[in-house]
Structures are given as structure tokens and as C-alpha cells.
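Construct the complete structure from the given sequences, taking the supplied hints into account.
Residue numbers (the numbering used here), protein chains in the order written: chain F, 1 to 264; chain R, 1 to 360; chain H, 1 to 307.
Please keep in mind that the hints were generated in silico from the structure rather than gathered at the bench.
Since the model is a prediction, treat every value here as computed from it, not as a measurement.
Check before you lean on any hint, since a few could be wrong.
[As the list claims (entries may be wrong)] 20 Å max Cα-Cα, derived EDC-like pairs, lysine to aspartate or glutamate:
(1) R:K66 <-> R:D9
(2) H:K114 <-> H:D200
(3) H:K85 <-> H:E255
(4) R:K168 <-> R:D123
(5) H:K119 <-> F:E259
(6) F:K3 <-> H:E205
(7) R:K182 <-> R:E152
(8) F:K224 <-> F:D34
(9) F:K224 <-> H:E269
(10) H:K150 <-> F:D34
(11) R:K130 <-> R:D116
(12) R:K130 <-> R:E117
(13) F:K3 <-> H:D209
(14) H:K150 <-> H:E164
(15) R:K110 <-> R:D129
(16) R:K168 <-> R:D194
(17) H:K227 <-> H:D304
(18) F:K3 <-> H:E208
(19) H:K119 <-> F:E252
(20) R:K66 <-> R:D8
(21) R:K110 <-> R:E152
(22) R:K108 <-> R:D95
(23) R:K130 <-> F:E259
(24) H:K114 <-> H:D209
[Said to hold, decoys possible] For each label pair, taking beta carbons as the anchor points, the in silico distance ranges come out as:
(25) R:G105 <-> F:L182: 17 to 23 Å
(26) H:A270 <-> F:T98: 36 to 42 Å
(27) F:Y19 <-> H:G11: 50 to 56 Å
(28) R:A164 <-> F:T98: 32 to 38 Å
(29) R:A164 <-> H:G14: 36 to 42 Å
(30) H:K227 <-> R:F308: 55 to 61 Å
[Stated by the list, open to error] Chain H regions said to be covered by chain F (calculated; three or more residues, Cβ under 8 Å):
(31) 129–136
(32) 238–247
(33) 261–274
(34) 280–288
(35) 293–300
Glycine residues also receive a C-beta, built at the ideal position from the N, C-alpha and C atoms.
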Amino acid sequence: MHKTRNYLFHLYMALFLFYLLAPLVVMGGAAFNDSRFPSILPWRGFTTQWFTELAADGRMWVAFRNTVLVAVAVVVLAVPIGTAAAILINSITGRVRTVLYGVMVAPILAPGAVIGISTLLFWNQFSVPAGLHLSVFGQVSYIAAFVMLLVLARLQSFDVALEEAALDLGAGHGMVLRRILLPHLYPAIGAGAAIAFFQSIENFNVTLFTRGNADTLTVYVFSKVRTGITPTINALALIMITVTLAGAVLYELRRRRLERIYGE
Amino acid sequence: MSAGIDLDDVCCDFGSFRAVDHVNVAIQPGEFFSFLGPSGCGKTTILRMISGFTEPSSGVVRIGGKDMRGQRPNQRPTALIFQNLALFPLMSVADNIAFGLEVRGIDKAKRRARADELLRLVDLPGAGDKMVSQLSGGQKQRVAIARALAVEPAVMLLDEPLSALDLKLRQHMRAELRAIQKRTGVTFIYITHDQGEALAMSDRVGVMSHGRLQQVANPRDIYDNPANGFVASFVGENNILAGSVGAVGQGFASYDTPLGSFRARMAPNTGGAVKLYVRPEHMRFTAEAQAENSVPVTVTDVAFEGNFISVHALSENGTNLVAELRNDGLGNTPAPGAKLHISFDAARAAILPDETAAEA
Amino acid sequence: MQDLLRRYGTGLTGAFVLLTAFWLLVLIVLPNFYLLENSFRPYLPRVDMGGPLDTYSFDNYAKILTGSSPTEVFGLTVTLPVHVKSFLLTVGYSAFVTVLSFALAYPLAYYLAKIVQPKSLPTLFLLLFVPLWVSEVLRSFAWFIILSLKGPLNFSLLGLGIIEAPIRWIAGYRSIIIGLVYTYVLFMLFPIYNAIQSLDTNQIEAAEDLGSPWWRTHWRVILPHAKPGIASGAVMVFMLSAGSLLVPVLLGSTESNWFTQVIQQWMFEAADWNTGSAYAFILLVLCTVFVSLVMRVFRVKLSDIAK
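As C-alpha cells, then:
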């Protein structure tokens, strides 16, 4: 009886993977189809024309540069903020902790549109115009929470006696942080930075409301789809998927290697 | 180089709980001093007050005669060896040992040379480039000692550092620690709940219970002349008999119990409830009744422990008495069921303040 | 706090507090305060701002009740204000997406946690993670291609002879639902997987050994254990769906109007930020209510949901 059941489960798993991955294949494949409208069926012949057109698209390159700049700024802000907040909240208990924790994780659960609009209105109050700088602030407000959660989890496994040992050996507070605590947190901080970077690149909702007139890649793709699409978007999509997947695979390989070296 | 420590009427409260209660002791420079007591007796708090991680609620800690109030851990001439050792897992062995020197801004080559020198001192030459996770329990122990010694502390504080090791290694490390202490001449303050460790290594032992120092003495006196019932029964085994004091004179007193009347040592001004304490190894069996301190018994159980034999016997009124006999290798052991007399010397038994009275 | 000062001294503790305060106050609390404040103020030309017309009122919130459209619900025709209808449909369809995602994800989570060979797990997870590495806009775009009238889906179905005429997939709300489920089903899968995975397999075997049929084992043993994971997944999927703007815009039809689209119209087409913030605040309240509801029903804490 378990045999049939397992067979059905395997089949379901395979179907689910097909469901998840086939759309991405369709999208990638359409980048090479010689058809004005992005599709893979009917197949009208192989072409790389869409990649050439994409490379010539100046607006895309600006959006690309903006995306990277915003992502870097988000990492630079969210990582220290999330780490500091995790250290802070780890050392307090009781009601204050519950309230602070609630405020910290709330932005993860709040709709991006709300975050975007509130950020826009707040800075508008001080005559700060919309633009990518506001996108950075809006994104940091919820991305810092991811970093905080990762670092907080890692802090649970930290042995405070290590800090005391360092203090006892004469180390100052800065030295304790730099040589003892931070090295322990580096895996979480690194993962936090990677997540912050990808979350920023993928962000659409917050960016749409705060960007002013500037483009990021997601906004650019979005406006292209709405105004008239050609398979150049598929070419861009394929490149983005390839790059992020390569990044993901490298990250995973590195993680597995480190796991082997340090053993858990 | 090494410094003495004075605890001057030190108390420490955590909320309404008094962890350390009016402790006074003067530890000499170069002494190996142990605080011995059950868990929760306040010995670790004393250690943390000396190292500076906890401030006394009242009283003064002096190191080398200097008042330590307001001095942070990194400003005190102490080095602490933690119960779990607290070796830095992400640094190599040499970096661990040299950490205290790195803090003091000593250059890399000198640090490394000093680390290697210390590794030789703790009998781990050439281990400097290993990671901490590659070391065995005993090796980690040595590295922790080397790391503490590297900062040339005036006082070493050790918080049950041997408790994680297996029995054989523990006994080996005892001798090793003692040897390192003699070689370096640094004052060692050692915290333990293991009486064997405390007695074997220390110059003096302070026995603690419920935040109070019950007795400070050299190991022999702790064992042979315990100050009260708590010390007597925490350090070693006892037959304890309840009764009342009769005639007193010349350091001895008579003590009346349901088993009969006994004579034993008694300190002059012992007030309050007292009991009679006799160690099992001071009990002996004879075929005939003895002149004093003798009880007719029936042997109930004989447990062979190797170097000694533990014999349980039951008196006529149902009191269980235990004797430990040295194994002389000749097989001269009472058999279960034998009817014998059990007795002890008056000089080997003591009438002491009750254990529970000392705890209150 | 005392603990921090002792461990890191005044300077570093100060830095931690400042960074955290900047985040919590400048990036979270104050912006939301201004969102609320603005939502009560009228939309005025710049010159009139701060003038006698600039008074607090509920006018912006009242706008949701204007305009009406007849709707058919279970055969009954109900007349609802158009934005209220859009709000209710958003809530309803988001809940539907959540239930559908659960139905899809639960068997898979169970399979991954208890059936599959542990050695093939890393590979399976790597594959499952792939869509998460691809941005949401591209995933919606992929379905835009697939579902289009002359797209691969209709092409294949026609070719296989399953349908005779191409189906207009992008119609009503169905394309939005397809897109939302595809985009967010993984947020349901992983929390449930984590929860089931922590269940001792012996408990399942004990239930079977006591003669429990498979459905009872799931109902009495596995589902209760997976509760925190289900709560976490449900919150994530519902919030992301209700708050999504990309999927409704890219996959929506002429008949559909997601609530976030209404907000966007106020913000950009009408350029009325005050009404926009009132609507955004309504959405925020909806999400808060939903999270508290789930926390109450599933008896979980916020820290369980946030993983």
C-alpha cells in the first residue's frame, strides 16, 4: 500500500517541479525565438537578435546601474542596523522586548505599498523629493528585519563566556566586539548581506511608490510589459536568471564547503 | 609577581537571594587555595567577584592589597579559566594563547614566540597552528591554562576546569595543575565540588555552604578536624549518631544515644545541637566487646570495592553502621550474618555542631 | 541594557541604540505616523496647505463608499460601492489563494519531510528554490506569456486536441489567482515543511501501529504539530497576495481591480496622496487584523510566524 502511495507522491513532486520550472524555461526560451511577440510556440527559428537589441537599450543600462546602486546602499545600511538591533534585543527581556520585536518584524508583514507610501509622505514632510534614496530607506525598513532575524538566531548559539574570557585577558570593548562576537556572527551577517542584496534587487512595491522618475530593473521590466513587449525582456530575464542562479549555486557550494571544513 | 587576595566581609545579593554571606578570608601570595562546596553554595560568585564580572553588594575585594572596587575585569591582574574553558573557536591555538598579548599591543613575532614557549610549558609543543576543534579534552585544558598564563597574571582563577574530563585524565591533570602552579609561583584559586580534587591539590581549602565559609584549613585538618557537621559529611563519609551530651572535660565529652553511651572529642564552646560523627574507616570489628565505644552488631552486607571493603552492620536496635576496612589481600573480612562488635577510638570520633544547624 | 553596558561599554552600546532607534523611529514608526496623519487631511493645492481649509476629517475614508456597482453574489444582486467591492474581492481572493496554496503545499511538505530519501533533499531544495531567486516581476511575466491568447498553454491544449478554440485565460480574476498561487506557494511550503520535519517519525508510526487510518493520523497527529508552520505560511501568502501589485497589474484583466491598484490610482493617476494614504492605511489595518486573527486561531506567537 505504501508503495502505491509513494509512487503517487513521487509523481506529484515531479509535476510540482514541472509547474515551478516550466514557466521559467518558457520565458528563457522565448528569448531565442524569432517572433515579435515573446513566446516559444510556434517556434519561428533561433535568433540572438533580442540580446543585441537589449544591449543597445540605454534606458535598461541606467536601470541596471540604479538597481545595483540601490542594492549596495541597502546592504550598507541594513546590515549594521539589523546586527545592532539583534544584539540589542538579545540583551533585553520582558515586555519591552516583545514590543520592540513586534515593531521590528512588522514591516516584513506590512504590504510593500504601505511601506512605500508612508516613506514617501514622511520625507515629503521635510521637502525631500521622491527618488532612489527614498527607495533605499523604504527597503531598509523591512530588509533590516531579515538581517536582524538571522543574526538573532546566530546569537542564540553564542557563548557569553567567550566575551568574558577576552575581557578577563585584558581586551577592551571594541576588541571584544571585533575579535570575538563579530567573527561568530559573520556567517549570519554574510547570509544577511546576500539576502538584503537579492531582496533589494527583487523589490518592486516599495520602489514603485518612492522612486520618483528613476528606473530600477524591476520597474523597467514592469513598464515594458505594460507598454508593448518584445522578446528583449526575455533576453534580459534570461540574463538575470542566469546571473542570480549562478550566484545562488556559488553561494550554496561555498556554504557546503565551509560546512565540511568546520563541521556544522 | 604573584599576589595575595583579601576578601573583607564580602556579601553578594541577587535580588532577595544572598549568594555570598559575609565571607572573610586572606589568601597568601603563591598559595593554591580551593573553594569547595556543593553547587549553589556561592563559590562561583566569589570567583566572579574576584575577577570583576560581579560586584560585591558589600565588603571589599583586595588583590595584592589594592582595593578592586570599580576595577573592570580587563583592568585586574587576574586570569580566569572558565568551566567550559571558553576557548575562542574561530582562532588557532597560538592565536588563543597570544590573545592577551595581542590586546596589549605586542608584535606578532614576539606573540608567537611566547605562545610556543607556553605550549612547551603545558606539554603541547607544536600545537600552535591547530584549530581548537582539533584538540582533545585534555589538550584544550592545557591550552586554556597557557592562554591564562600568557598575560602573566598575579592570580589564576579556575572554575571547575576539570569537570568535563574523564576520571583518568582528571587525575592526571590534577598533578599537572599542581606542578604548573609550583613552577610559576602564581596564586591559584580553584573552585570545585569534588573533594578529592580540592584535598589533593590545595595548600588550603575553604569549604562553603549556603554562601557562608564553613571552614578554612589545610586539607588534612579539613578531613581530620572538620569544624562542623556540614564539613564532616560533605568531605568524606560518616556514621552519624544523634543523642545528647553528657559529662564534658579535657577536650572530650560523653554522648548518650539509643545505642549506648560514647566518648568522643568535642571542641570547648560548641553550643546548639550536636551529633556524633565517626568515619567508616575508623570503625573496626572485634569478636569481643571493647572497653568503650563498642556496639554488638550483625553484619548484613559486604561490598568489595577493590582497595577497601565496605561492611554494613545492624545494631540490636536497628541502627545501620558502616565500616571501611583496608583490603590487606589476605581475605580477612567478616561474612554476612556474623555477630561481632563494632568499635572506635574516642580520639577518632567527634561531637560536632549539627549539619542542618550549620546550613540554617 | 545593564548587560550590554557591561559587555560592550558606553560607546558601543550607544552606537547599537542609535542604529536601532534610527531604524525603528525614522524608518518605521514616524513614516507610519505621517501616513495616518496625512490620511485625515484634505487634498489641497500647495498654497492652501496649512490654511483654513487644512483641517482633519474622515472625508478621505468616506470616499471608499462613493460610486456603486451591482454585483452578483450567489444569484443575489448586491449593490456595493465600487472600492468596497474591490476591497472585499481582494480579501476573498487572497484567502482563496491562501487555501489553494495550502492544498498544494501540504502534501509536498509531508513528502519532503517524511517520505523522500534524505540524500536527495539538497538537490530537491535547490530546484525548489530556483523560482525564489527569480524576481517576482519576471515570474509574473512568464505567466503573462503562458496565458496569453496565442501563448504556449492554448497552443499545447489545441495541439493535443483537448480544447477546440483558444481559451481567454486572462479574464476576470482567474489569471491573478493563477499568478499569485505560482508566486507565493513556496512561502507556504517551507514553513510547513520545517514544522512537519520536527515531528518525531515514531509518533506517526505509533499512530499507524494503533490502527489509525492515514487521514486520522494526519488530522490528529501531523496537522496539529504543523500548526505553527501553517500559521506562518498562511500569514505570508495572504499578506503577499493582498499586498501584491505586480501580479494584478500584469495578469489582471479589464474586469479586475485589486485593492492595491486602487491605491496606486489614487497616488499616481489622481495624484491625491491623502486619499492614497487613507486607502493604504485601510490595507494596513486589514493585514494587522488578519495577523492577529491567525495568531488567535492558531494560538501562535509573532516570533513563530516570523520564523
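Status of the hints after comparison with the structure:
1. With a C-alpha separation of about 15 Å, the suggested pair K66 of chain R and D9 of chain R falls inside the 20 Å cut-off, and the hint holds.
2. For the proposed pair K114 of chain H and D200 of chain H, the alpha carbon gap of about 10 Å is at most 20 Å, so the pair holds.
3. In summary, the hint linking K85 of chain H to E255 of chain H is supported, as the alpha carbons are separated by about 12 Å, within the 20 Å threshold.
4. Between the alpha carbons of K168 of chain R and D123 of chain R the distance comes to roughly 17 Å, so the proposed pair stays at or under 20 Å and holds.
5. Annotation: proposed proximity of K119 of chain H to E259 of chain F holds, straight-line Cα distance about 16 Å (limit 20 Å).
6. Annotation: proposed proximity of K3 of chain F to E205 of chain H holds, straight-line Cα distance about 16 Å (limit 20 Å).
7. Between the alpha carbons of K182 of chain R and E152 of chain R the distance comes to roughly 15 Å, so the proposed pair stays at or under 20 Å and holds.
8. Between the alpha carbons of K224 of chain F and D34 of chain F the distance comes to roughly 19 Å, so the proposed pair stays at or under 20 Å and holds.
9. Between the alpha carbons of K224 of chain F and E269 of chain H the distance comes to roughly 19 Å, so the proposed pair stays at or under 20 Å and holds.
10. Pair hint K150 of chain H plus D34 of chain F holds up; C-alpha atoms about 15 Å apart against a cutoff of 20 Å.
11. A distance of roughly 12 Å separates the Cα atoms of K130 of chain R and D116 of chain R; the hinted pair therefore holds under the 20 Å criterion.
12. The straight-line distance between the Cα atoms of K130 of chain R and E117 of chain R is roughly 16 Å, inside the 20 Å bound, and the hint therefore holds.
13. A hinted pair counts as satisfied when its Cα atoms are at most 20 Å apart, and K3 of chain F with D209 of chain H qualifies at roughly 18 Å.
14. Restraint check for K150 of chain H and E164 of chain H: the C-alpha separation of about 13 Å stays at or below 20 Å, so the hint holds.
15. This hinted pair checks out: K110 of chain R and D129 of chain R have alpha carbons roughly 16 Å apart, not beyond 20 Å.
16. For the suggested pair K168 of chain R and D194 of chain R, the alpha carbons sit about 15 Å apart, so the restraint of at most 20 Å is met.
17. Between K227 of chain H and D304 of chain H, the direct Cα distance comes to roughly 10 Å. Compliance with the 20 Å bound is thereby established for this hinted pair.
18. The straight-line distance between the Cα atoms of K3 of chain F and E208 of chain H is roughly 16 Å, inside the 20 Å bound, and the hint therefore holds.
19. Our distance criterion of 20 Å between C-alpha atoms is met by K119 of chain H and E252 of chain F, whose separation comes to about 16 Å.
20. Distance restraint check for K66 of chain R and D8 of chain R: the Cα-Cα separation of roughly 12 Å lies within the 20 Å cut-off, and the hinted pair is therefore satisfied.
21. Restraint check for K110 of chain R and E152 of chain R: the C-alpha separation of about 15 Å stays at or below 20 Å, so the hint holds.
22. For a cut-off of 20 Å, the pair hint linking K108 of chain R to D95 of chain R stands: about 10 Å separates their Cα positions.
23. Our distance criterion of 20 Å between C-alpha atoms is met by K130 of chain R and E259 of chain F, whose separation comes to about 18 Å.
24. For the proposed pair K114 of chain H and D209 of chain H, the alpha carbon gap of about 17 Å is at most 20 Å, so the pair holds.
25. Checked against the hint of 17 to 23 Å, the C-beta distance between G105 of chain R and L182 of chain F comes to roughly 20 Å, which is consistent with it.
26. Between A270 of chain H and T98 of chain F the beta carbons are some 40 Å apart, a value that agrees with the proposed interval 36 to 42 Å.
27. For Y19 of chain F and G11 of chain H, the hinted distance range of 50 to 56 Å is satisfied, since their beta carbons lie about 54 Å from each other.
28. Checked against the hint of 32 to 38 Å, the C-beta distance between A164 of chain R and T98 of chain F comes to roughly 36 Å, which is consistent with it.
29. Distance hint for A164 of chain R and G14 of chain H: a CB-CB separation of about 38 Å, consistent with the stated range 36 to 42 Å.
30. At about 59 Å, the beta-carbon gap between K227 of chain H and F308 of chain R stays in the expected band of 55 to 61 Å.
31. Chain F is given as covering the segment 129–136 of chain H, and this holds because 7 residues of the stretch bring a CB closer than 8 Å to a CB of that chain, at least three being needed.
32. Counting residues of the segment 238–247 of chain H whose CB lies closer than 8 Å to any CB of chain F gives 6, so the stated coverage by that chain holds, three being the minimum.
33. Beta-carbon proximity to chain F at under 8 Å applies to 4 residues in the segment 261–274 of chain H; the threshold of 3 is reached and the given coverage holds.
34. For the segment 280–288 of chain H, the stated coverage by chain F is satisfied: 5 residues place a CB nearer than 8 Å to a CB of that chain, which reaches the threshold of 3.
35. Only residues whose beta carbon comes within less than 8 Å of a beta carbon in chain F count, and the segment 293–300 of chain H has 0; fewer than three means the coverage is violated.
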